Structure formats: structure tokens, C-alpha cells
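Undergrad: Spelled out from the first residue to the last, the chains are:
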Amino acid sequence: MNEFIKLLKKAPPTAIFGMVVITIYVIVAIFAPFVAPFSETEIVGDQFELWGDPYILGTDNLGRDMLSRLIFGARNTVGIALITTAFAFLVGCFFGLLAATLGGWVDQLLGRIVDVMMAIPTLVFALLLLTIFGTSVTTLVLVIGILYSTSVFRLARAVSMNVVVLDFVEVAKLRGEGLLYIIRHEILPNILPPLVAEFGLRFCFVFLFISALSFLGLGLQPPTADWGSMVRENATLITFGDITPLVPAAAIALLTVAVNFVVDWFLHLTSGLKD
Amino acid sequence: MADNTNTQRGTKGDVLLEMKGLKIAAMVEEEEIEIVHGVDVTLKRGEVLGLIGESGAGKSTIGLAAMAYTRGGCWISGGSINFDGIDMLNASAEQLRDLRGKRIAYVAQSAAANFNPAHKLIDQFTEAPVLHGYSNRSAAEADAKELFGRLRLPNADTIGFRYPHQVSGGQLQRAMTAMAMSCRPDLIVFDEPTTALDVTTQIEVLAAIRDVVEQFNTAAIYVTHDLAVVAQMADRIMVLRHGNLVEEGNTREMLAAPKEEYTSQLLAVRTFKKEHQLEVTETTPLLRVNNVSASYGTTPVLFGVNFDVHKGQTVAVVGESGSGKSTTARVITGLLPPSEGTIEFKGQALPPDYRNRSKDELRQVQMIYQMADTALNPRQRIREVIGRPLTFYLGMTGKQREDRTRELLTMIEMNPDEYIDRYPTELSGGQKQRICIARALAAEPELIICDEVTSALDQLVAEEILKLLDRLQSELNLAYMFITHDLATVRAIADEVVVMLRGEVNDSGPKDEMFTPPHTDYTDLLLSSVPEMDPDWLDNLLEERKRLAEEEGRVLKAADN
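From first to last, the protein sequence lines stand for chains A and B. Per the UniProt record's numbering: the first sequence = residues 1 to 275. Per the UniProt record's numbering: the second sequence = residues 1 to 561.
These are calculated hints, taken from the structure and not from any lab test. From a predicted model like this one, the values you see are computed outputs, not experimental measurements. Relax, there's no trap hidden among the hints.
Footprint (simulated), chain B over chain A, 3 or more residues, beta carbon under 8 Å:
id	region
1	161-172
2	175-181
3	184-191
With a Cα cut of at most 20 Å, we get these calculated SDA-like pairs of lysine to any residue:
id	chain 1	residue 1	chain 2	residue 2
4	B	K274	B	K511
5	B	K259	B	R236
6	B	K359	A	I182
7	B	K359	A	E177
8	A	K9	B	E29
Derived Cβ-Cβ restraints for the label pairs, each shown as a range:
id	chain 1	residue 1	chain 2	residue 2	range
9	B	G73	A	F4	25 to 31 Å
10	A	A158	B	G73	23 to 29 Å
11	B	L335	A	M118	31 to 37 Å
12	B	E94	A	D115	49 to 55 Å
13	B	G56	A	A158	32 to 38 Å
14	B	E94	A	V106	53 to 59 Å
15	B	G56	A	V20	40 to 46 Å
16	A	A158	B	S55	30 to 36 Å
17	A	Q108	B	R137	43 to 49 Å
Beta carbons are placed, not taken as given, at the ideal position from N, Cα and C, and that holds for glycine.
Could you build the full structure based on these sequences and the hints that come with them?
TA: What follows is the structure, encoded as C-alpha cells:
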């Protein structure tokens with residue numbers, strides 16, 4: 001614990017900024033019902049009310065409070081992005097490690113499947129699948145998770161390849177250990193740092209991707225507050241010189257930047273690179 | 001300095017290089033640490049100075065400092081370096097660039113890693129002389145051929161037109177020496193040039209380097225950890241330890257009468273010899289390698305290998321790299337199923353693939369590796385490393401497992417309280433190897449395969465490991481299959497010796513027989529190639545081999561010559 005505090009003290013200002021921003025987002029997301037002045041879906045005023053009292057950021061196209069929706073949006077967008085990324089990592093790491101450890105035809109087969117999936121543009125593929133399976137939160141998580149697991153697969157496979165050939169893995173094999181023990185105890189602990197760093201980056205991509213899908217109308221469905229769809233719903237305001245639709249966009253941008261700062265620092269630490 | 005030919009050099013005996021109070025610091029985990037603490041080095045023209053010491057002694061660092069160069073993260077923090085009247089530490093980058101490669105050259109340990117694989121040898125040879133304006137391309141090419149000839153490379157006229165991967169390691173090391181000579185430098189720094197080579201190849205490289213250095217009256221700094229090698233090469237020796245000078249003196253005088261305790265220790269190394277010689281009584285051997293052939297893909301690598309290991313016995317398997325020693329171990333452990341033949345353990349044939357072997361069959365044969373670094377999972381504490389086989393094979397848990405782990409640590413002479421919670425990265429090389437031994441012992445095996453277990457260690461540490469293995473053998477009645485290329489190790493611990501050559505058993509028998517003539521030609525070559533402390537050893541050996549070739553027609557030469 002002490003070492004962790006020491007480490008934090010040495011963190012560059014960008015990383016500290018990133019961590020502060022992420023912490024605020026997380027707190028807001030968790031305590032959304034207590035922080036938000038109004039409910040997520042309740043129509044409280046007229047359409048497109050201006051910034052002021054009691055609607056600090058005005059109201060949206062249906063007369064719902066912008067600020068409250070922004071706060072609940074943190075919960076929905078960030079939460080679902082987190083679950084999706086975790087799912088992508090679960091799938092990608094499992095198959096990546098399997099391919100690296102077993103090698104041979106398993107590796108070939110999984111590798112070619114991933115190649116095929118990566119050959120199709122992600123957005124087009126996602127639109128296709130979501131149109132087929134419908135746009136519930138579950139399908140959203142599954143579809144995006146599986147699409148993004150391909151790059152995780154590649155990373156996990158590549159980094160474990162370097163570990164699999166080391167003597168201590170051979171020792172475990174010759175001891176008679178099972179595949180799961182070798183993956184869990186011998187390989188996984190040694191490839192964790194690059195995976196954690198990748199998790200941060202992937203999270204940003206997934207998060208942007210969900211926002212993009214929502215903007216296109218195939219992501220989170222109304223009346224759920226979501227930053228991507230909030231931009232779309234209120235986009236017309238831009239033509240009147242009102243910056244309200246840019247606020248959720250800014251929330252997306254700020255989180256992306258913050259996560260990247262922290263990931264950069266983390267990568268720096270684990271790769272042993274010096275400035 | 002315009003013309004740098006042999007005749008215009010200063011006479012032998014002038015001081016060429018003088019380093020005074022040399023201090024070098026390094027950044028280790030954001031802390032500044034001094035790694036060389038004020039060492040004085042003086043080198044005369046045409047003189048060969050040997051720098052010797054264990055790893056971490058600072059010998060390579062000092063060698064590089066002669067070029068006013070340090071590795072990344074290190075810097076020269078004090079003292080002065082004077083090369084032929086030039087103050088190297090205050091010289092401009094341009095001046096240094098002009099000196100390096102032209103007047104001071106460097107030969108690295110691993111030629112294979114230091115040649116650019118994408119260019120032919122001759123292109124890499126001619127680069128420096130052309131760049132330094134020492135000669136033009138065609139003159140440099142002609143010179144390359146001459147130097148290749150002088151360094152006794154086969155086909156000197158054409159070998160330069162090959163790529164680095166098309167020539168052997170020993171040839172590459174000589175090509176690198178030729179490259180260093182290309183501008184006829186005043187000084188060459190040799191950094192462990194033969195350490196990565198087989199003994200039989202080492203001889204040729206040593207002889208070639210020495211001749212060429214003598215012919216051109218080049219001064220040299222020869223960095224090595226092997227006192228027997230430096231005895232052949234150097235006029236003067238400096239013994240270093242922890243960045244300090246321990247002793248300096250004329251080679252012959254120092255070898256005859258070392259002044260310091262540490263030097264005598266280095267000299268006395270390899271005197272360990274196991275006492276008990278085992279009489280084989282039982283008829284069924286513990287392990288029988290029965291007419292084993294194996295191949296990697298379609299390339300055959302082992303051809304009908306036969307030998308036995310008896311209970312409590314040490315069988316040393318020796319041979320050069322590529323002779324099939326480690327492959328034999330892979331076949332025994334089941335990592336590489338043989339294409340023909342069987343592995344029998346206590347008279348029972350083992351399944352060829354380790355995946356088909358029972359837990360108990362796996363338990364009885366354990367393995368210790370050359371690189372303890374990669375044989376230990378850096379993310380597991382010592383408790384887990386040693387404890388896992390206890391749980392896995394013997395079902396020990398909780399206090400029983402903890403007690404046994406501690407007992408094993410005590411057996412390998414490490415304090416359990418101090419080490420049980422450490423990670424492998426917090427241990428020294430010798431300690432890591434001890435942990436690997438403890439892990440093997442935890443399985444309570446009857447046979448341990450030791451694959452070059454001491455070759456990555458410093459000599460003093462290696463000797464401690466050999467003593468430990470010997471003690472454990474007599475206490476636990478273990479059998480060892482000891483794979484090594486180092487005949488000194490064989491002499492120390494073997495009961496039986498198996499000599500391998502190109503995937504076949506060339507010669508085998510009890511140790512005493514193997515070390516007494518007559519030998520097969522190959523055993524003779526191998527045995528006679530082990531450097532001895534005697535400074536005249538190399539001369540005598542080359543003389544003897546020449547005589548044998550002329551009188552008896554027996555040519556004792558490494559395969560790549």
C-alpha cells in the first residue's frame with residue numbers, strides 16, 4: 001500500500017489529471033440518482049429550454065433535464081462500455097492463451113477465424129449483426145464484445161507466445177500440470193501488464209463505438225440516457241448556435257483523454273521505459 | 001596520423017593508453033551507483049592486457065571505457081583517459097568518431113548477434129576503412145581476403161561473400177576480428193570473444209587472434225572470466241572484483257605466485273573432485289536409452305543413441321553444441337518422442353510422449369536447466385515454486401507443505417526465513433540455480449537431468465553448485481545425467497562419460513578410462529582443447545597437433561576448419 005502511494009506521488013501531472021477525471025466519472029455514475037436534480041426520463045419542462053435555473057444545462061428535445069440525463073448517461077454509457085470491454089477481454093484472452101499454449105491446428109483455426117472477422121469493417125459488421133439480432137443491451141454487449149475480442153486475441157496470443165517458450169512453462173508441462181493450471185498460474189501473471197494497458201485503450205474504443213452506434217440509432221435505445229444518442233437527439237440546436245449538444249460529446253472526449261493519459265503512464269511504468 | 005601503416009607506429013614499449021582513477025557510474029532504479037571505483041590502467045604499444053573477474057566485476061565496462069564509451073545508462077564519472085596523447089574525455093564527438101573503428105576497435109562476445117544479417121561479410125568489413133578514408137573499396141576487399149587468410153578462415157577468397165548465417169560461430173568470431181583489424185588499429189578491445197564458442201573451436205580463434213595481434217604489433221585489452229584463456233593471450237593480467245583492482249602483474253608471475261587470496265581462489269577453481277566412485281552392482285539400470293533415433297520435423301538429429309544410467313551414478317554427456325546432448329534429454333523427458341528406440345526406466349519402457357506418462361513416471365525424472373532465470377516463473381514466490389511439486393505429487397498441504405519447503409531450502413543451504421517469501425528476481429544467479437535444484441528435489445526423483453546447469457554461472461559459484469549436487473547425491477542416492485560441454489566439470493563429478501558427436505555416441509566408458517589414452521580422435525580433440533592455466537599450453541598444443549598431423553596423419557581439428 002505504501003509503495004502504491006509512493007508510486008502515485010511520482011506520477012506525472014497528466015496521469016494525475018486522468019485519474020482525477022476518471023474518479024469523478026465513477027463517483028457520478030455510481031451515485032447518479034442522488035447527484036442528479038431530476039429523474040432520467042421524466043419530462044420536466046418545455047422543449048429546448050435555455051441554460052438557467054432550475055435546468056442548469058437546459059432541457060432536451062422532449063423537455064427532459066439535460067444535466068440529469070448527462071449524469072445518468074455516465075452510468076449507462078460508461079457502465080455498458082466497461083461490461084463490453086470486460087467481456088471482450090474474457091473471450092479474447094481465453095482463446096488467445098489457448099492458441100498460444102496449444103499451438104498446432106487449434107492456433108491455426110482460431111487465427112484464421114479472427115483474420116476473417118477482422119477483414120470486415122467493424123462498424124459495418126456491427127450494424128449488420130445488430131440489425132439481424134435486434135438492439136437490446138444484451139445483444140449490444142455480445143456483438144461489440146465479440147468484435148473487439150479479435151484484437152485482444154491477437155495481443156494475448158502474441159505476448160503469451162514469448163512466455164510459452166520459457167523453461168518454467170516446460171517445467172510445469174513435464175510436471176504433468178493441466179492446461180488450465182499452466183494458463184492461470186504460469187502464463188497469465190506474466191502477460192498481465194500489457195493486457196491491463198490494452199484494457200484501458202480498448203475501453204476507449206468500445207466506449208466511442210457504443211456512442212457512435214447510439215448516434216446512428218442502433219445503440220442504446222430511448223428513453224435510456226446515453227451520450228451518443230443525446231448528441232443525435234439535440235443535434236438540431238447546433239444550427240441555432242446553441243452548444244448544448246456538444247456537452248455530452250465533450251463528456252465523451254474528456255473521458256477518452258483521461259483514460260489514455262493513465263494508460264500511457266501505466267505502459268511507461270511496466271515497459272521500464274525512461275523519459 | 002594520416003598514414004597509419006605498420007612501419008610508422010611508435011615502437012613497442014611506448015605508453016599507448018593511460019586511464020587514471022577511472023570511475024564509472026550507472027543509474028540503477030533511479031539511483032546513482034558507482035560500478036567502477038577508480039581503477040588505473042596503463043597499456044603499452046603491442047602489449048596484451050588481460051582483464052579478468054567474475055560477472056559484475058566491471059571488466060567489460062573498463063574495456064569499453066578504453067574507447068571513451070559506456071553502455072546505455074552508464075557514464076564516466078571521474079578520472080582521465082589518455083590515448084596516444086589525446087584526452088579522450090574532453091575530445092569532441094567528431095574526434096571520437098574518427099578514433100573509434102580506425103585506431104581503436106572492438107570485438108564483441110557474440111559475433112552472431114553483432115553482424116548485420118542482411119549484409120555480406122565483406123560489405124560489413126569494408127564499411128569502416130572506406131568510411132574512415134583509410135582505403136577504397138577494392139583495396140579494402142583485397143585486404144579482407146588477406147586478413148581472412150591470416151586468421152585461417154577456410155576459403156579466404158570467397159568466404160567474405162557469404163552472409164553471416166552461412167558461416168559457423170567460430171568463423172564469424174574470426175571474421176569480426178578481421179573486421180576490427182581492417183584499419184590496422186593501435187588498440188583492439190576483445191570482450192569475451194571465445195566465451196560463446198565450443199572448446200574445440202575456441203583453440204582456433206585464440207591462436208588466430210594471437211598471431212594477428214603479434215604480426216601487426218597491435219595492443220589489445222582482452223576481457224574474459226576464464227583465467228586459463230587469458231593465460232594464453234595476455235602479457236599482463238589485471239584481476240578485478242566489484243569494480244576494484246585486486247591484483248595486477250605479469251602473467252607468468254601471477255600464475256606462479258598469486259599475491260591476493262581472491263586470485264588464488266580463481267586459480268584454484270576446478271580443483272573440486274568428487275570422492276566416492278560408485279561400483280555398479282545391480283543389473284537393471286535405472287535409465288536405459290535404448291537405440292534412440294529422433295528427428296525435428298524431417299531433419300534427423302539423433303542416430304541410434306545407447307547408454308545406461310545406474311542408481312546413484314553420474315553420467316556425463318559431453319559434446320559440442322549441436323551434437324545432440326540436449327535433444328537426448330528432450331527424448332528422455334518425453335518432450336520429443338523418438339522415431340525409433342525406447343526409453344526404459346527400471347526396466348519398464350516409458351511412454352514416448354510425456355503427456356501419456358503417469359504422474360509417478362513424471363515425478364521420478366526431474367530436470368534442471370541451464371538458465372535458472374527462465375526456469376523460474378518471475379511471478380511466483382519461492383514458497384510456491386518449491387511447494388507446488390509437493391502438493392502436486394505428494395499431496396502435501398498446509399503446515400506439512402510449509403515444513404517440507406523449509407527443509408528443502410535448508411538442504412540447499414539457503415535460510416528459509418530469509419528466502420521463502422522472495423521472488424526469483426530478488427536472488428543471485430547461483431541462488432536461483434539452487435532453487436531449481438530444490439524444486440527438482442521436492443518431487444523426490446531418482447534421476448535428475450542437469451542440462452548445462454553450471455555454464456551460465458561464474459566459476460566460483462559453479463563450483464559451489466557442483467559441490468552441492470555431489471553432497472545431495474551421496475545423501476539421497478540420486479542418479480544424475482549431466483549434460484555439459486565443459487570437460488573440467490566432467491572431470492569433477494562424472495562416474496561415466498558419454499561423448500556425443502553429430503547425433504551419435506562417439507565414445508563412452510567409465511571416467512578413468514575416458515581420461516586415459518588411447519582415445520578416439522574426437523575424444524582426443526575434445527580433451528586436449530580444454531585450456532589449462534599454463535601460459536605455454538596453447539603453443540605446446542598447436543605444436544603437438546602439428547606433429548601428430550605430420551607424423552601419424554591424425555588431424556585434430558574442429559569441424560568448421
